[in-house]
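Sequence lines, in order, name chains A and B.
Position 321 of the first sequence, counted from 1, bears residue number 321 in my numbering, the numbering being contiguous throughout.
Position 422 of the second sequence, counted from 1, bears residue number 422 in my numbering, the numbering being contiguous throughout.
Keep in mind that the hints were calculated from the coordinates and are not lab data.
Keep in mind that the hints are not guaranteed to be accurate.
[Claimed, not checked] Within a straight-line C-alpha distance of at most 20 Å, the following computed DMTMM-like cross-link-like pairs (lysine to aspartate or glutamate) qualify:
1) B:K16 <-> A:E369
2) B:K151 <-> B:E126
3) A:K320 <-> B:E172
4) A:K348 <-> B:E24
5) A:K291 <-> A:D259
6) B:K228 <-> B:D202
7) B:K287 <-> A:D489
8) B:K408 <-> B:E457
9) A:K450 <-> A:E440
10) A:K106 <-> B:D406
11) A:K291 <-> A:E119
12) B:K450 <-> B:D369
13) B:K11 <-> A:E439
14) B:K355 <-> A:D28
15) A:K113 <-> B:D406
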Amino acid sequence: MPNWPLKTKLSIDLSCKGHHAYSFPKADVPMAPAPEQNCRKSKLNFPELSELSAVRHFTRLSQLNFSIDAGMYPLGSCTMKYNPRVNEVTASQRGFTRLHPRTPAKFSQGALKLMYELENLLGEISGFSRVSLQPAAGAQGEYLGIKMMRACLNDRGEKRNKIIIPESAHGTNGASAAMCGYDVIPLRSNERGLVDFQQLDELTKSGDVAGLMITNPNTLGLFETEIQKICQLIHDRGGLVYCDGANLNAMMGITRPGDAGVDCMHFNMHKTFTTPHGGGGPGCGGLGVSKTLIPYLPVPTVEKIPSGDDEYVFTENSEKSVGKIKDYYGHFLMMVRAYTYIRELGPKGIKKVGEDAVLLANFIRKDLEGHYDIPYPKTCMHEVVLTDKFQIKNGVKTLDIAKRLIDEGFHPPTTYFPLIVSGALMIEPTETESLRMVEEFCTVMKKIAKEAAEENAFEKHFKDRPRNMPFARVNETLAARQLKLTWKDLE
Amino acid sequence: MRYLPLTEEEKTRILKLCGVNNFEELTPNIPNDLRVNGLLNLPPRLSEFELLETLETMSTTNKGAWMQNHLGQGVYDHTCPTWIDQIVGRGEFLTSYTPYQPEVTQGTLQSIFEFQSMIADLYGMEVSNASLYDGATSVLEAVLMAVRTRKNHKPIVYVSEGTYDNTRKILESCLPDMGIEVRTWWADPQSLTSTPESFVNDCDGAPAAIVLQSPNRWGIVEDWSDLKKVADLQDSRSIAYVSHALSLGVFSPPGESDIDIAVGEGQSLGIPPGFGGPHLGLFCCKKADIRQMPGRLVGATEDARGKVAYCVTLSTREQHIRREKATSNICSNQNLMALRAAMYMTSMGPEGMNKIAKGLRSRIFYLRDALQKNFQASGSPHSVVQGELFNELTVLVGPKQSLWVDEKITQAQDQGILIGLEVTVPKRSGYIKGLNIAVTERHYQSHLDKIVEILGEN
Numbered sequence: 001m002p003n004w005p006l007k008t009k010l011s012i013d014l015s016c017k018g019h020h021a022y023s024f025p026k027a028d029v030p031m032a033p034a035p036e037q038n039c040r041k042s043k044l045n046f047p048e049l050s051e052l053s054a055v056r057h058f059t060r061l062s063q064l065n066f067s068i069d070a071g072m073y074p075l076g077s078c079t080m081k082y083n084p085r086v087n088e089v090t091a092s093q094r095g096f097t098r099l100h101p102r103t104p105a106k107f108s109q110g111a112l113k114l115m116y117e118l119e120n121l122l123g124e125i126s127g128f129s130r131v132s133l134q135p136a137a138g139a140q141g142e143y144l145g146i147k148m149m150r151a152c153l154n155d156r157g158e159k160r161n162k163i164i165i166p167e168s169a170h171g172t173n174g175a176s177a178a179m180c181g182y183d184v185i186p187l188r189s190n191e192r193g194l195v196d197f198q199q200l201d202e203l204t205k206s207g208d209v210a211g212l213m214i215t216n217p218n219t220l221g222l223f224e225t226e227i228q229k230i231c232q233l234i235h236d237r238g239g240l241v242y243c244d245g246a247n248l249n250a251m252m253g254i255t256r257p258g259d260a261g262v263d264c265m266h267f268n269m270h271k272t273f274t275t276p277h278g279g280g281g282p283g284c285g286g287l288g289v290s291k292t293l294i295p296y297l298p299v300p301t302v303e304k305i306p307s308g309d310d311e312y313v314f315t316e317n318s319e320k321s322v323g324k325i326k327d328y329y330g331h332f333l334m335m336v337r338a339y340t341y342i343r344e345l346g347p348k349g350i351k352k353v354g355e356d357a358v359l360l361a362n363f364i365r366k367d368l369e370g371h372y373d374i375p376y377p378k379t380c381m382h383e384v385v386l387t388d389k390f391q392i393k394n395g396v397k398t399l400d401i402a403k404r405l406i407d408e409g410f411h412p413p414t415t416y417f418p419l420i421v422s423g424a425l426m427i428e429p430t431e432t433e434s435l436r437m438v439e440e441f442c443t444v445m446k447k448i449a450k451e452a453a454e455e456n457a458f459e460k461h462f463k464d465r466p467r468n469m470p471f472a473r474v475n476e477t478l479a480a481r482q483l484k485l486t487w488k489d490l491e
Numbered sequence: 001m002r003y004l005p006l007t008e009e010e011k012t013r014i015l016k017l018c019g020v021n022n023f024e025e026l027t028p029n030i031p032n033d034l035r036v037n038g039l040l041n042l043p044p045r046l047s048e049f050e051l052l053e054t055l056e057t058m059s060t061t062n063k064g065a066w067m068q069n070h071l072g073q074g075v076y077d078h079t080c081p082t083w084i085d086q087i088v089g090r091g092e093f094l095t096s097y098t099p100y101q102p103e104v105t106q107g108t109l110q111s112i113f114e115f116q117s118m119i120a121d122l123y124g125m126e127v128s129n130a131s132l133y134d135g136a137t138s139v140l141e142a143v144l145m146a147v148r149t150r151k152n153h154k155p156i157v158y159v160s161e162g163t164y165d166n167t168r169k170i171l172e173s174c175l176p177d178m179g180i181e182v183r184t185w186w187a188d189p190q191s192l193t194s195t196p197e198s199f200v201n202d203c204d205g206a207p208a209a210i211v212l213q214s215p216n217r218w219g220i221v222e223d224w225s226d227l228k229k230v231a232d233l234q235d236s237r238s239i240a241y242v243s244h245a246l247s248l249g250v251f252s253p254p255g256e257s258d259i260d261i262a263v264g265e266g267q268s269l270g271i272p273p274g275f276g277g278p279h280l281g282l283f284c285c286k287k288a289d290i291r292q293m294p295g296r297l298v299g300a301t302e303d304a305r306g307k308v309a310y311c312v313t314l315s316t317r318e319q320h321i322r323r324e325k326a327t328s329n330i331c332s333n334q335n336l337m338a339l340r341a342a343m344y345m346t347s348m349g350p351e352g353m354n355k356i357a358k359g360l361r362s363r364i365f366y367l368r369d370a371l372q373k374n375f376q377a378s379g380s381p382h383s384v385v386q387g388e389l390f391n392e393l394t395v396l397v398g399p400k401q402s403l404w405v406d407e408k409i410t411q412a413q414d415q416g417i418l419i420g421l422e423v424t425v426p427k428r429s430g431y432i433k434g435l436n437i438a439v440t441e442r443h444y445q446s447h448l449d450k451i452v453e454i455l456g457e458n
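With the rest of the complex left out, here is chain A:
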C-alpha cells in the first residue's frame, strides 16, 4: 500500500459543474417530446467529473485496498489463491461479453460448448454424474441442492421437515435450508473435531430428517474420515446428503466427494477455480449431483446433440425439474474464467493444486507448533486452526493478533470461526503461495507470539493496531448507531 497521503473525498465532493466522462453515439432520429406524464421530477445528485478525474478517483480508491495481487491472504475457508490474468483476457472476448443470453443456439455455439465442457470437467473433478451451472454463487448452490433434495423426497411421498447441520458449518448452510422451508437441527463435533456419528445416529432415528449438510474437509481443516459411513447412515434412514464444497480445493485430484456417496455439492468458483473474489462478488456457484437427483435439475440444461456433430442446445424438457432459480444460465463470464483455469492446469496440475495446498498448510501447522495453541494438532488438510489460548492469558486476543498482522503486510486470517473453537484463527495459505512467502508469514506469526508474551504486551505492541496504514481502527459501532448509508445522509 502506498504511503503518500491519500485523499479520500467522495466523488460527489469532487464534482465540477458541466464536466462529464461519457461518449456515446448521438441519436440521429428526431428527438421525441418529453413524456406527458410520469416525468422524473427530482434532479439527479450525481457527480460531474471529467474522464481523468473519474479515473484518478477510482485509481486512488483502489490503492486503499489490500489484494491478492499485493500480498498474502491467509484467510481460512476463503481460498484466496492467485487469480490468473489470462482468465481476464479470455473472459473479455467480444464473443462472450456482447452475447445476448437469448441469442439463438446457432449463433451461440461457442458459449454452449464451453458450458457443456465445463460441466463435464467439474463432474470429473468432483465425481458427480451431472453439474448445473445455474447458481449465481455458492449460497445459491446450497439453496438449489437442498431444493432438489426436497423435490426428490416429495417425489418419494416423504414429508420430512428437518435438516441436520454441524455446529462448525458456514452460516449460509442454515440460511439456505431455512429458505427451503426446513428446520435446522445442530450436530456436535466429537473430540477429534469430526462429525459425532453417535449423535447423528440418534438424530436420524425419528424418520423426519430430510438430510445432512456436511462440509468436507470440515471448517477445522479436517477430512471427515467416516464420510462413507455417514452417507450410508443417512441413505439408510431415507435421507440425502449435501456437501458444502467450500473446501474442495483440498481434495482436487486426491479424492472425490461424489465417490463417497454424497448426493450433491456446490462449487465456489472464486475459491477453487480462480474467478476473482472482486471485493465480495460476483460469485459463481455450480452444483454437482448424483444420479438420484438428475431428474430435478433446474432448467434449462445444455445438451449435446447426439448426432455426433459438435452441436449444442438448451433444453427445458424436464418433467420433474425444480424449475428456475436464476435468470438465464448463471454467471457465464465467470464460467469462462473457471474453464480457462482448468484447461491450463490439466490433470497433473489439478492434482498438484490439492497436494500443494495441503502441504503448505501442514508446514504452517508444524512451524507454529508450540507458539500457538492448535486444538486439533495431529493432521490437517488445506487449512489449520489456531487459537489465542496461550496469548489471552497475557491479555492479547485473536482480534489483536489479526490487526497486528496488518501492520506486517499480511491480511488477517479468518477469525472467531468456526464458532466451536474459542478465539479461532483459521489459516489457509493456498497452493499459489511460495514456501518462501509462507515461511515469512510464519516468522511474523512467531514474532507476534513473542511480543504477546512480553510484559505489558497489549499496550506495547497491540493497542491501536493497525498503526502504519492510511486508516486506523475503524469504529464499526458508530456506523451501526448513526446509520449514514448515502451521501445525502452526510449533509
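Guided by the hints, dock chain B onto chain A, whose structure is given.
Showing chain B alone in chain A's frame:
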C-alpha cells in the same frame, strides 16, 4: 506450472518436517478406497498461447455477438466507457476480499458507499444495499421481505402480468417453499398496463405484497402511482421492479410515488450482456424497514484518528451472524458489477443519464411511428403497442398469423440481424403473440429503417 511454485525438494522438506514419508501418510483421514487412482480424466494442459487460441475460437463461434442486435427483455447491448474496463480490472479491486477488515479495504467500501448513494438517488429512495445477484433475485428477496413485514396479511403476492416470464418462473419455483403463493395482477387488454381498474383481489383477504414491473415485458412504461393505489387498498407492501435502470433518467422513480420496496436490474449501467451474467440486482427500501433488508450494507463512520471511513454495517441481519434466522442466505454482493455501475454513473453525471435516456426513447418512438405508419398504410393485421415507451416495443401479431414471427426472425437472421424475441400477449387483446424489439444507443436511423423494411409490407 506457473501458478504452482512448490518444488519437489520443498515438498520433501515439508513431508520430513511433518515426520511422514509421503502425501498419503500426511493425510491419514482420507480412506484409501476413496483416493483417486492416478490422474483424473481431464484434457491435457494447454500453454497460455494455446489457451488463448482455444478460447478465441470458442468466442468467435458466437456469431450473435457481431450481429445487429435488437434482443432485449431485461438484457441490452449498451455501450460503456472503455476506461471502466481497465480500472475495474486493477488487481486491487479484482483480487480483494470481502471488506470485513475495514482498515485495509476502504477502496471497496467507499465505492460501495458511492454506489449506494447514486442508486438510492436514481430510485428516489432512502437506502440502497450493496446489490444482489440480479433483478429477478431482487424481486424474490423483496417479496420475502414484504411477507416478513406483513405477518398478519395473507402470504400471497400479486405480480403484474407485464412482468418478465423468467422472473415469474423464478418466483413460482422459489416462493411456494416458503408458503407464499403467486397470483396475477392482470393487464388491461387495450393498454397492456396493470391499472387499479384491472386489479382483481381474489384471495379472500389482504395480500402481503404487490409487484409491478416497468417498463413491462411489452416495453410499456407503467405508472408507479397505480401500484401505490393498489397496495394502499389493503395495506399491502408495494414492490416496484425497474427492469431498465436507465429508464429512470427520464421517468419518475419509484420513490416519487412513495413505494415501499424498489428493486431492479442494473445491467444497463455499464455491464455487458455476457450471455446472461454476471449482472446486477438493485435493492432499495425505506429506512424504517432497514433491519429487514437483505444483503450487504456499507455505512459511513470514522477511524480512531477521527478520519471519515466506511465499513460494513448492520451485519446482524446477515447469514454469517444470524445463520438460519438471517434475512437472506446471500453472502456475496455483485461487487465488481456494482463498482462498474458506480463508475458508469460517475461517468454520466446527471446530464448524461438524462441524455442517453432521451436518445433511447427517441429511437423507439421513431421506430414505432414508422412501423405503425407502414402497418396502417398496407392494411396489415398487425399493430404496435401504444402508450409510453422507453427502449423496447412489441409488435402485436394479428389473428391467423402464427408463423409470421418465426418467418421474420429467420428472414432478419439471413441479413445478419437479431430482430427481436417472441413474447406472449394476453389473448383477450385480440392478438395472438408479440415480437419484442429493443434498441440501444448503438442503433442509427438506418438500422431502424432496416427493421421496418423487414417487418413492413412494401
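Hint check results:
1. B:K16 <-> A:E369: holds (15 Å)
2. B:K151 <-> B:E126: Between K151 of chain B and E126 of chain B the Cα gap is close to 23 Å, so the pair fails against 20 Å, i.e. violated.
3. A:K320 <-> B:E172: holds (15 Å)
4. A:K348 <-> B:E24: holds (17 Å)
5. A:K291 <-> A:D259: Cα-Cα ~12 Å, so holds.
6. B:K228 <-> B:D202: Holds. K228 of chain B to D202 of chain B sits at ~19 Å (cutoff 20 Å).
7. B:K287 <-> A:D489: holds (11 Å)
8. B:K408 <-> B:E457: This hinted pair holds, its Cα atoms lying about 12 Å apart.
9. A:K450 <-> A:E440: Roughly 15 Å between the alpha carbons, so the hint for K450 of chain A and E440 of chain A holds.
10. A:K106 <-> B:D406: holds (15 Å)
11. A:K291 <-> A:E119: Cα-Cα ~15 Å, so holds.
12. B:K450 <-> B:D369: holds (14 Å)
13. B:K11 <-> A:E439: holds (14 Å)
14. B:K355 <-> A:D28: With a Cα-Cα distance of about 13 Å, the restraint between K355 of chain B and D28 of chain A holds, given a limit of 20 Å.
15. A:K113 <-> B:D406: violated (25 Å)
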